[in-house]
Every structure is written in C-alpha cells, then in structure tokens.
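J.: Sequence:
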Amino acid sequence: MPSVAEILIPLALDSAYSYAVPAGLTLAVGDVVQIPLGPRETVGVVWGVRQSPGGSNLRPVTGRLDVPPLAGPLRELVDWLARYTLAPKGSALAMALRLPDEAAQGETVRIGVRASGRPPARPTAARLKVLGVAADGALRGKSALAKEAGVSLSVVDGLIDDGALEATALAPEPVALPPDPDHARVPLSEAQADAVRDLIAMMNPAPPPDDRPEPCLLNGAGQGEAPGLSAEGAHLAETHPIQERQAVAAAETHHKLTTGVGDETFRAPTILLEGVTGSGKTEVYFEAVADCVRRGRQALILMPEIALTAQFLDRFAERFGVRPATWHSGIGGKRRERIRAGVALGEIAVVVGARSALFLPFAHLGIVVVDEEHEAAYKQEDGVHYHARDMAVVRGRIENCPVVLASATPSIETRVNAERGRYRHIVLPERFGGRRLPDITALDMRSDKPERGSFIAPALVAAVRETVAAGDQALLFLNRRGYAPLTLCRACGHRYQCRNCSTWLVEHRFRKALVCHQCGYAERRPEACTECGTFDNLTPCGPGVERIAEEVTALFPDKRVIVLSSDFPGGAERLRAELQTVAEGGCDIVIGTQLVAKGHNFPHLTLVGVLDADIGLTSGDPRAAERTFQLLQQVTGRAGRGEKPGRALLQTFQPDHPVIAALLSGDAERFYEEEIAAREAAGLPPFGRLAALIVSAADRAVAEAHGQALARAAEPPEGVMVLGPAEAPLALVRGRYRFRLLVKTERSVDLQSYLRDWIARGPKVRGNVKVAIDVDPQSFL
DNA sequence: AGCACGCCGACT
DNA sequence: GTCGGCGTGCTC
1 MPSVAEILIP LALDSAYSYA VPAGLTLAVG DVVQIPLGPR ETVGVVWGVR
51 QSPGGSNLRP VTGRLDVPPL AGPLRELVDW LARYTLAPKG SALAMALRLP
101 DEAAQGETVR IGVRASGRPP ARPTAARLKV LGVAADGALR GKSALAKEAG
151 VSLSVVDGLI DDGALEATAL APEPVALPPD PDHARVPLSE AQADAVRDLI
201 AMMNPAPPPD DRPEPCLLNG AGQGEAPGLS AEGAHLAETH PIQERQAVAA
251 AETHHKLTTG VGDETFRAPT ILLEGVTGSG KTEVYFEAVA DCVRRGRQAL
301 ILMPEIALTA QFLDRFAERF GVRPATWHSG IGGKRRERIR AGVALGEIAV
351 VVGARSALFL PFAHLGIVVV DEEHEAAYKQ EDGVHYHARD MAVVRGRIEN
401 CPVVLASATP SIETRVNAER GRYRHIVLPE RFGGRRLPDI TALDMRSDKP
451 ERGSFIAPAL VAAVRETVAA GDQALLFLNR RGYAPLTLCR ACGHRYQCRN
501 CSTWLVEHRF RKALVCHQCG YAERRPEACT ECGTFDNLTP CGPGVERIAE
551 EVTALFPDKR VIVLSSDFPG GAERLRAELQ TVAEGGCDIV IGTQLVAKGH
601 NFPHLTLVGV LDADIGLTSG DPRAAERTFQ LLQQVTGRAG RGEKPGRALL
651 QTFQPDHPVI AALLSGDAER FYEEEIAARE AAGLPPFGRL AALIVSAADR
701 AVAEAHGQAL ARAAEPPEGV MVLGPAEAPL ALVRGRYRFR LLVKTERSVD
751 LQSYLRDWIA RGPKVRGNVK VAIDVDPQSF L
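full-length UniProt numbering numbers the first residue of the first sequence as 1 and each following residue consecutively.
Any given hint could be a false lead.
[Claimed, not checked] Below, in silico cross-link-like pairs of lysine-lysine (DSS-like), each with a Cα-Cα straight-line distance of 30 Å or less: (1) K598 <-> K512; (2) K129 <-> K142; (3) K147 <-> K129.
[Claimed, not checked] If you anchor each label on the Cβ, the simulated ranges turn out as follows: (4) T124 <-> D558: 57 to 63 Å; (5) E190 <-> L11: 52 to 58 Å; (6) E673 <-> S566: 32 to 38 Å; (7) A184 <-> R524: 51 to 57 Å; (8) P716 <-> E673: 29 to 35 Å; (9) A459 <-> T124: 51 to 57 Å; (10) A469 <-> A491: 41 to 47 Å; (11) G585 <-> D314: 17 to 23 Å; (12) P603 <-> L11: 47 to 53 Å; (13) S502 <-> L25: 54 to 60 Å; (14) P603 <-> A459: 23 to 29 Å; (15) T309 <-> A376: 15 to 21 Å.
If you are wondering where the hints come from, they were derived from the structure by calculation, not from laboratory data. For clarity, every value in this text was computed on a predicted model and none was experimentally measured. Glycine residues also receive a C-beta, built at the ideal position from the N, C-alpha and C atoms.
When you get a sec, could you build the whole thing from the sequences and use the hints?
T.: Here's what the structure looks like:
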C-alpha cells in the first residue's frame, strides 16, 4: 500500500499537507523533507505517515534532507505553541526550523596573521608593538593581534600590505568547546552553597515521597485553566496515534539511558531562584548547569537579548574554562546550522541564548535556566506572540527537565506560582560577601523643589557633588530618551504629535529633530510653529536624558559625563565601548535610561539618583506598578557593588505610593503582598487574564474602521471586559497601523475559544486587514 | 513566504 | 494603448 506523508510546512498554514511518499523512500515522523509547493520547492517536516489504499493523485515528496530530524519533544512544543497562541501550526514550526537563508550563507571568513619574518618598510612605534607580539610566530586573529598589541586594526592591515605579516584564512571558529564542569571552583558564600545544594536536590530524582511539586504548565495562566499536557497528549493521540506514541516511547527510553534513573514518577520541577541584586544567583545556577553537564545532559541558559554580553560569557568561561555556544537572532548562515546540528547531536553541552534558542533541537536537555525571568524582552511581539519564559516552562515539562527561573525581582506570576507551590522557591536573601544593599531615600519634590528651569533637586545635586569629590561614580537615572518628551507652542498651544501614532513627538536636540518613539517618524524641529507661524515660541516640556546632561554639564563643568541610551550616536558597538568605559571608572557622572539598569556592573558606582521615580506609575498599563518596582529596584541595586556601600535618592511626588514606599523601606515582600492582593481583587494576571486582538492594516482609516467594527461585534460573556478602540492607542509598526483591543477576563473563561468566536462572528475582513491574537500582552502600545 | 492573477493610475 | 503598483488568494 502506498504511504502518504502529512507534511507541515513552515508557512502561515494551519494544517499539514499530504504528499505521496515515493517508492524507495522511507519517512519517519520528524524527518525534514523537500517538497514541491505550487511552482517551487520548499522544506517541511513530516508530521505523520499513514498507509493509504487509493493510489493517489498527490504530488510526491522530493526527498529527505540531510539534517537532524525534529525530535518528538520539539514537535510537541510546536503543537503546543500553535495551540496556545492561536497561531497557524506552520508559523509555530517556522520558529524551530529556521534554516539558513541561501543568500545569507557564507560565514564571515576570519583572517589569521603571523609574522612573515620580513621587516616592515617603515617601522613605526605602533608597528613594532604589533611585531613584538607576533614575534612568537603563532597564528592569531587580526583583531586579537591588534588588541593584544594595543593598536588599531589599521596598523595590522598596514603590516599585511607591507608584507611583514602574512595572512591566511583561519578555520572557522569552533562553535563551542566542551565546557568543563570542574574547571574552576569559585568560592561560594554559605547562603549560595545552601542554595546550590537545594537546587541540585530538587533537580534530580529520588525526592522524599511527599515532597513532590504539583506539575504546573504555564507560568502566566490562572489555576486550572492552562491547557494541560494531558489534553494535548489526547489531541495528539487522535491525530497521529502510532507515530506519536512511538516517538514518546523512544524519548522516554532515551531519557532513562542518559540519566540512568528512569524514575517514571519523577516530575522535574520549575524552580524560582530569587536573590537580591549582587547575591550571586549566577554562580548558583552555574553549579546546577555543571551538575547537569556532569550527567551528560545539555543545558540552555536563556537571557534577554541585551544581557547577552561579553561580560557574561567571560564569567561563564571563568567557571567552565571555555565560552559557551551562543544563539541569538543575529547568528546566521552556516554558523547557525552548525550550532543546530551540534545541539541535535548532543555535541554542544551548553547554549546561552536569547528567546529563540528555546526552539533549538536539543538531543537530551537537562536544564533550562531563564535568567532575569521578569524581563519583558522575553515577550515576542510580532509573528507568533509568545512568552519565552512560559514556553521554557512548557518545554521543561515536555522534556521532563528542570527549569530554573532566576531574578532579583520576579514577575508577579512567577511569585504567585512559587507561593502556591506550583514552582519550588529558593531565596538568596543577602548580598555576596556581606555587602549591604544601598540605602534608599526619597526626595519629596513637593517640598524639595529643584530651582526654576531645572530638574535635579538641590539635595541630589549635593549628593552628586559629594560623590564625585570622593572620586566615586554617580548615576542619574531617567527613563526618557531625548531632550524633552513634549513640545508646545506658547502662542497657540499646539502640541506636536506623531501623524501616525497616538504619541507626542520627543525633541532630540542633538539630532535637531522631533521624533516619535513609537514608529520612528521624525521631522526637523521647526523654527516657527507649524500651526500659527509664530517664531521662536516653541517650548520643550519636561526632561529627557539630553536635557539632564545639559544641566549636569552646567553644574559640573570639569567632570566627565556620559549619556547612555539605546539611541546612542554611533550604534550598539560604541555603546558597548561606553559601558566598558563606565565600568572601568573612566567617567564621573552617568546619565542613563533603563538600559543602565540591565546586565552591566559598574563597580565604581556609589550613588544612584532617580530623577522621576513616578514615571510609568500612571500609564494605565495593568502591569505599571510591577514594572516600576522592578526597574527601580534593579537600577538602585547598581549602587555600591564594589567596596563602598551605595545609596540611592528617589525624586518623587508620591512618596506614599505603595511602589515607592516599598522601595524606600527595602521591603520587597510588602510590595509583592500588596500587588498580588490588588491583582487578585481586579481579576488581573495571574488571577485573570489579559489578551489583545491586534488589528492591523496598511491604511490608517481601514485599521481604525475595522478596529471599531470588531469592538462593536464583541459580545463579551459574563466576566469579560473589552476595551474599545477609544482606549486602544494607535501605533505604526513596521509599516502597518495597529490597534490593540484589550480583553480582560476572569479566571474561568476559556479565552482562546472566546477570541476565535469573536473574530469568526466579527465583520468579514475586507481590505488588507489582519487580526492577530496576543494571548497575554505585556504592554498596551 | 512566494508567486500569479487582476484591477486601477500615469507614461514611453 | 501598455507598464506596474499592490491587494488577494493559493499552494497537498
């Protein structure tokens, strides 16, 4: 009987297509195949194979590709992702099957150089330095040589042209050398050692019989409403009975072999590793990773993209002897495929990566660590909308491997899950080495007013003066890029607004422009009001970091000041260099946006001044309080990581606001208690759920009209609230106008089917309108 | 995602 | 008259 393969294609298609399997080709579920699709050839993955009596008129599979097949657990993750996010299955598959683009192939060839023995024509000082380093005759990378000699790349290039250095193509950098779990033991504090012991005990089977955590599937879901794996399993059994069971059985056998345990009843837990800034969480989970590597299994460490720094990789290398394999959206071409293959064959033991690393085809995954678990960057906001932290928990459940969520300021969902016992909880209550957390005090802006036209309160100016006089570093934190967030005409009152989005245009004085921070629209800052024509009467309202820099430079003309924000002139490369400069103490006063709160350590910093602690508290986002607390806790925690204790001053109009009060008292527990109670009362996540219908169109009017029509078409069941387009801000995202109709539900509502119904019963989509669903939106705009 | 088909505007 | 813009629909 001829066999038919059900092939899932990584396109926005919700179901698999049937193809004939040509005689002589045997296909298994998970195989990656080439298939004809319309006029062209594409790749797809075998999602099922069946025998079909009717000799068919189906097109045949072209052939199997020589890449590792998609293993059962990963296929299960794809099915799960599609079901949970309501995305087409093919789109979910695309996450796991991003093969290198033919065009982007070709890894950048690295050039290795060594001394040729010929003397340079003109031996300058810089050239001699390079030749001194190269004298040993060893082959080095160009940039490595330049760095070692302390000169720029052009000197090395000059010497190559000159013939004093000879250049050869270097073998491509190995993707990763095997990490050594016993390379270096870093000294651990008593608290850290305890945490390591607990963590490793929880991760491995043979727990005391009554000490078993309740399995929980999804971080953000309310109790009992996460679609269970059992349900998903049943669904699979219906659609692909034999193949799936075989795959699962194979996976289980494999699991027994690699762990040598095979305790069927052991459910690997999700563990919240909570530790204040500077408590050494990283060292703790490194030990868990080491334990996992010793057992011959693989480890995945997820990080927010921004935190994937050389600094972190070096720390890893100190502990494990080599840098880990890294994975992020920028890795392309051949290297991408080599990492995928290495991971699938089990040759790569540890991957550190951004959210997309979650879909790598690990052969035997032993642990997933989600560092900075609370970071919003884990949310994918286009294409398939998913939260990498939640999917990590799901993948851990599927692979039956432990998941460690690490954070100094866990998200509310994760805290609640830990408190309810669905996650295990390990707390590192103290900073490493007995260092104190910074003292935080409020500057009440109602009484301690800055002078007219200035934004820094006198007490903060004094604190900065004291700090820099002592030779220490001060950070002034303001989460606002640009010069001023709003510009208005004093003659007619006109406020400059983005023509695309519902936002004010931000003045960027350095660029002499008014810029929309939503869509990037920019116009030259006009001399005269575009509305009434009055000259020289535009007023900047409120401060951005550029304006603070102006003030600081006037106050401290002889101090070195650096402004750090994501739009740093010169791009990410220069920004990295500047962060390095700051870390090395090459600057007295740093003025920065939220970027300084993340990832980098500044050992010379002893004072943090928060210029507007209230920003964000009134944004209307249901997660505003949580966000502000996390951000301010992180940024104030930057103070005093070195020898000296740190302190922080918060400029605020609301010292009694629960968020501010919790920061001031250093009582994070209080914040969590209050916020959790408030969320529960309001039916907000994790007790209820948020979802958004994203209505987008290339034409603004069409997007608005359709958004309104959909909002009218909503017939919310009891307990569901729909926020209409009046409240939904409009934004231009990648060339399309986009609305988010927000839906708030109580815990018992099946959100997925409600949203599906809503779209189905809504107005027939005409024009180029797309409606996407964001199951748990992390923000409004 | 590609690619064709088809419908409207502006140009050698 | 066509060239070409993009909106629409289909691919087992």
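J.: The structure should be examined with respect to each hint, and the outcome stated for every one.
T.: Hint check results:
1. For the hint linking K598 to K512, the alpha-carbon distance of about 29 Å falls within 30 Å, and the restraint holds.
2. For the suggested pair K129 and K142, the alpha carbons sit about 14 Å apart, so the restraint of at most 30 Å is met.
3. For the hint pairing K147 with K129, the CA-to-CA distance comes to about 11 Å; that is within 30 Å, so the pair holds.
4. Distance hint check for T124 and D558: the Cβ-Cβ separation is about 34 Å, which falls outside the suggested range of 57 to 63 Å.
5. Checking the proposed 52 to 58 Å range against E190 and L11 shows it holds: the Cβ atoms sit about 55 Å from each other.
6. The beta-carbon spacing between E673 and S566, approximately 34 Å, falls within the hinted interval of 32 to 38 Å.
7. At about 56 Å, the beta-carbon gap between A184 and R524 stays in the expected band of 51 to 57 Å.
8. Here the CB-CB span from P716 to E673 is close to 31 Å, well matched to the stated 29 to 35 Å.
9. The hinted range of 51 to 57 Å is satisfied by A459 and T124, whose Cβ atoms lie roughly 53 Å apart.
10. Taking 41 to 47 Å as the suggested C-beta distance range, the pair A469 and A491 conforms, at roughly 44 Å.
11. For G585 paired with D314, a C-beta distance near 18 Å keeps the hint of 17 to 23 Å intact.
12. Restraint check, P603 to L11: a C-beta distance of roughly 50 Å satisfies the suggested window 47 to 53 Å.
13. One distance hint, 54 to 60 Å for the beta-carbon pair S502 and L25, holds here, with the actual separation near 56 Å.
14. Between P603 and A459, the C-beta spacing of about 25 Å keeps the proposed range 23 to 29 Å intact.
15. Range check, T309 to A376: Cβ separation about 18 Å, and the 15 to 21 Å hint holds.
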